[in-house]
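Numbered per the UniProt record's numbering, the sequence shown spans residues 1 to 169.
By construction, these hints were calculated from the structure, which means they are not laboratory data.
Treat the hints with care, as some may be off.
Straight-line Cα separation of at most 30 Å, BS3-like style, residue types lysine-lysine; simulated pairs [what the hints assert, rightly or not]:
hint	residue 1	residue 2
1	59	35
2	49	83
3	114	25
4	114	9
5	71	39
6	71	58
7	86	35
8	73	39
9	63	86
10	80	94
11	73	58
12	80	39
13	25	73
14	59	71
15	58	94
16	39	63
17	9	94
18	73	35
19	39	114
20	80	49
21	94	25
22	49	73
23	86	49
24	55	73
25	59	86
26	9	39
27	86	39
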Amino acid sequence: MEGSNRRLKTAREASQAILADCTRKQRLLVCLEGKIQEKEGLASLYMVKLDNFSKEHKKIPAKVLLFFLRKIKTVYNEIKSLKFEKFSVIETMKAQIEEGVNNVENAMQTSRMKIMANLIANESQEPRAKSVEIMDASFDNDSKQDTDKQNSIPEDIANEETDFTLILH
């Protein structure tokens, strides 16, 4: 019984550690999401600047176009990298939480099984209580006038002349 309680306690502690780690990772996800939005804003800014430049000038010089396109490409590569990191963190969290769930469920199942085994073992070890009645049956055949006693004692026992009769239920 103590072994299963220890397993349950260990599983609970491990799950709490997993939750603490997932809380830290959740903060990291918030930071990553902020960086992603910042980079998306930067990419939009470059696109707007390129669009405004194209409206001001009929012909965009190749160097300017190349500059903005490279900046946009770099930003989108950074966004891709941040999103991959975010996905990685989410998958790790998911796996950790699943591990915690499995650990606690297994410990609880083991605990339940041990409790049931102990109950069954205790039940088989305890002697069953038998009610024993000792009745005064010292009477002969002539004393059958008392109908209450006669009705409560079986006929074959009532006809015997004994001092005490044990009746087991």
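Evaluated hints:
no.: 1; hint: 59 with 35; verdict: violated (34 Å)
no.: 2; hint: 49 with 83; verdict: holds (25 Å)
no.: 3; hint: 114 with 25; verdict: violated (36 Å)
no.: 4; hint: 114 with 9; verdict: holds (15 Å)
no.: 5; hint: 71 with 39; verdict: holds (11 Å)
no.: 6; hint: 71 with 58; verdict: holds (22 Å)
no.: 7; hint: 86 with 35; verdict: holds (11 Å)
no.: 8; hint: 73 with 39; verdict: holds (11 Å)
no.: 9; hint: 63 with 86; verdict: violated (34 Å)
no.: 10; hint: 80 with 94; verdict: holds (21 Å)
no.: 11; hint: 73 with 58; verdict: holds (24 Å)
no.: 12; hint: 80 with 39; verdict: holds (10 Å)
no.: 13; hint: 25 with 73; verdict: holds (28 Å)
no.: 14; hint: 59 with 71; verdict: holds (20 Å)
no.: 15; hint: 58 with 94; verdict: violated (52 Å)
no.: 16; hint: 39 with 63; verdict: holds (23 Å)
no.: 17; hint: 9 with 94; verdict: holds (22 Å)
no.: 18; hint: 73 with 35; verdict: holds (16 Å)
no.: 19; hint: 39 with 114; verdict: violated (56 Å)
no.: 20; hint: 80 with 49; verdict: holds (22 Å)
no.: 21; hint: 94 with 25; verdict: holds (11 Å)
no.: 22; hint: 49 with 73; verdict: holds (15 Å)
no.: 23; hint: 86 with 49; verdict: holds (29 Å)
no.: 24; hint: 55 with 73; verdict: holds (22 Å)
no.: 25; hint: 59 with 86; verdict: violated (40 Å)
no.: 26; hint: 9 with 39; verdict: violated (45 Å)
no.: 27; hint: 86 with 39; verdict: holds (14 Å)
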